[in-house]
Amino acid sequence: MSNAHLLQLALGFGVVTGGIIALSAVGLSLQFGITNYVNFAFGELLTIGAYMTLLASRWIGQFWLAALIGIGVTAVFGVMINRVLLQRFVDRRSSTLTMLIVTFALSLILQSTIQGIWGADYQRFDVPRITTTVNVVGFLFTTRQLMMLAVAGVAMVGLHLLLTRTRLGRAMRATSDNSELARVSGIRHKRISDWTWLLASGLAGLSGVFLALTISSFTPYFGFQALFLVFAAVILGGIGRPYGAVAGAMVIGVAIEVSAVIVSPAYKDAVAFLIAIAVLLVRPNGLFNVRGKN
Amino acid sequence: MTPIVLYLVTIAVYFVIYNILVLGLNIQFGYAGLLNFTYITFVAIGAYLAGVTALGRAPGGLTQIQYIFGLGLPFPADLVVGALGAGALGLVIGFVALRRLRSDYTAIVMVSLGEIVFATVGNQTNLFNGQTGLLDVPQPLAGNLNLSFNNYQLFFLALSTAIMLVLWLAANRIYHSPFGRTLRAIRDDEDAAAGFGKSVFTYKMTAFVVGCVYAGIGGALTMEYLTAWSPGAWAPSETFIVWSAMLVGGRANNWGAILGSFLVPILFIEATRFLPPVSGHPVLIDSVRGVVIGLLVLGTLWWRPQGLLPERRRFIRLSVGHREEAVTNV
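In order, the protein sequences belong to chains X and C. Those letters in the first sequence? Residues 1 to 294, per this note's numbering, in order. Those letters in the second sequence? Residues 1 to 330, per this note's numbering, in order.
Derived by calculation from the structure, the hints in this document are not laboratory data. Given the structure is predicted, the values throughout are model-derived calculations rather than measurements. Think of the CB as a built atom: it goes at the ideal place given N, C-alpha and C, for glycine as much as any other residue. Be careful, since some hints might not be right.
Said to hold, decoys possible - To give an idea of the chain X side of the interface with chain C (calculated C-beta under 10 Å), a few residues:
(1) F32
(2) L85
(3) T96
(4) F104
(5) L110
(6) Q111
(7) Q115
(8) G116
(9) I130
(10) T132
(11) A260
(12) A266
For reference, chain X alone in the conformation it holds in the complex (with noise of 0.2 Å):
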């Protein structure tokens, strides 16, 4: 194979990449939005997703319904964690660096958990493999790639619909953009809370079950470890921003795959998170940040 066409191949993986890392930073960025800490914690519930995913095929057999199940489970498992640990501390006034040591213990608590009740060993996912592969515009997919790609395609779409034209979704900008106000104009603060946890919980418990479809086998720690890619996509759109974070998700996800091929697969992550820090050093607040909302 030529080195153009080795390249054309990890452009199209990054694409897949990059759409199952948007998942996750999207979740992050609404879930900053609301609560203004960066979750550490949000890395174990991409882990949470696939282990969840794991345990229902084993019990019903059908994998896709399996990881329904384990998405819902991983979307409700958030909105507790952060009505039992998270919002008490955040009640308490607790400070942005107080809340990132909490968020650092309560992902080693959940990892040990993890590792605890499956051990370290790696997993897999019940599904058979696919060799066959699909010309997309001279991009080479597989067919569960493809189909990865259109659930995250609809899943943004209709996020974008939910933020744009419900109530709820104003409503939740709206406490994004400042709380305050939004409560004195009568917004639910718990409720806006809850159902962004759910919402973000949930795309991270999708991106956490074709993340581990991708890379085929994971371990209780694969979640943290995806987590710093996903901050760099964070870092590159703008922290508590969701379309940017898609467009950061995008670069990171076609950086890794493509310096798989021209530097090595070992320095893949690396490369994503030099790119976040060169950022960061020119632009201290992220690439397209706006002003205000820090």
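The hints should help you fit chain C onto chain X, whose structure is shown.
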């Protein structure tokens, strides 16, 4: 020496080394409020550099063992190189991470940079022998002293305790110095400190590098004691152990650093290290340990956010008329 005494000596060495690590993090976070979420990276670099300074030239060839330096220098040299190397890496990483970023961005940048270092050390086998790591590193003065194995353990404990005491006194000295006072001012209100004409970046950078030197010394001592070091020894969760020791013991209080490094790494990690593995479940103890440490940190932040031994704040009392008023802490 009975096995139990030998075990206690080993635990004591770990305690002393963790104490040095917690002191370094305390200078960074407790004094200056810097979020070093990749502390273990500096420990690792200190360990590696000490290792390649003490080891002779890499055999290479058929053994496939390769690493840089291979200077074969005697004891204090490896410790010094490890400490300076970690400090130098601190300078590089600090230059990126200590700019005026939001605190969460700083944390993200730190972890990302740590991952880059981790990937590089693991993949560039010509640096520190890749995933296999360094083995059979000579121990300090072992060749000159000719002690029995047991006596050497005692000697090492004495040596590391002496180093720890010097570092502990230095950390206390820094806390009470004008430099330490400025660090705390920056920690409590960066804008106010800048308003008084303090160069915030320079102060932060200095505190960061000093903390990294402590990390490097701790790493070098670990290497000298264990005589081996590989990427498996510095998982990201190790950083959290040092963090939890500092938070539980009490940030910005060096007695708290001692208490914390006894409570967390020693009671929870090292003392449970030799528990018999649960059959069919090799990582169960490890998992329970992770959950307990996480809960310990959450509990501390909820019930006693300042830690068991909180920072002792001294107040200058200025008399304003007849009323005595606490104006500022020193």
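Against the structure, the hints:
About 9 Å separates the beta-carbon of F32 of chain X from the nearest beta-carbon of chain C, less than 10 Å, and the hint is met. Interface hint at L85 of chain X: satisfied, since its Cβ lies 7 Å from the closest Cβ of chain C, which is below the 10 Å cut-off. Because the closest C-beta pair between T96 of chain X and chain C is about 5 Å apart, less than 10 Å, the hint holds. Interface restraint check for F104 of chain X: the shortest CB-CB distance to chain C comes to about 7 Å, inside 10 Å, so the restraint holds.
Interface restraint check for L110 of chain X: the shortest CB-CB distance to chain C comes to about 8 Å, inside 10 Å, so the restraint holds. Hint status for Q111 of chain X: holds, given a least beta-carbon distance of 7 Å to chain C, under 10 Å. With 10 Å as the threshold, the beta carbon of Q115 of chain X comes within range of chain C, its nearest partner Cβ sitting at about 5 Å, so the hint holds. The interface hint given for G116 of chain X holds, since its Cβ lies 3 Å from the closest Cβ of chain C, which is under the 10 Å cut-off.
At a threshold of 10 Å, the smallest CB-CB gap from I130 of chain X to chain C is about 29 Å, leaving the interface hint violated. Taking 10 Å as the C-beta contact cut-off toward chain C, the hint placing T132 of chain X at the interface is violated, the least distance being around 33 Å. Hint status for A260 of chain X: violated, given a least beta-carbon distance of 13 Å to chain C, over 10 Å. Using the Cβ-Cβ criterion of 10 Å, the hint placing A266 of chain X at the interface with chain C is satisfied: the shortest such distance is roughly 4 Å.
Hint compliance for this structure: hints 9, 10 and 11 are broken, all remaining hints hold.
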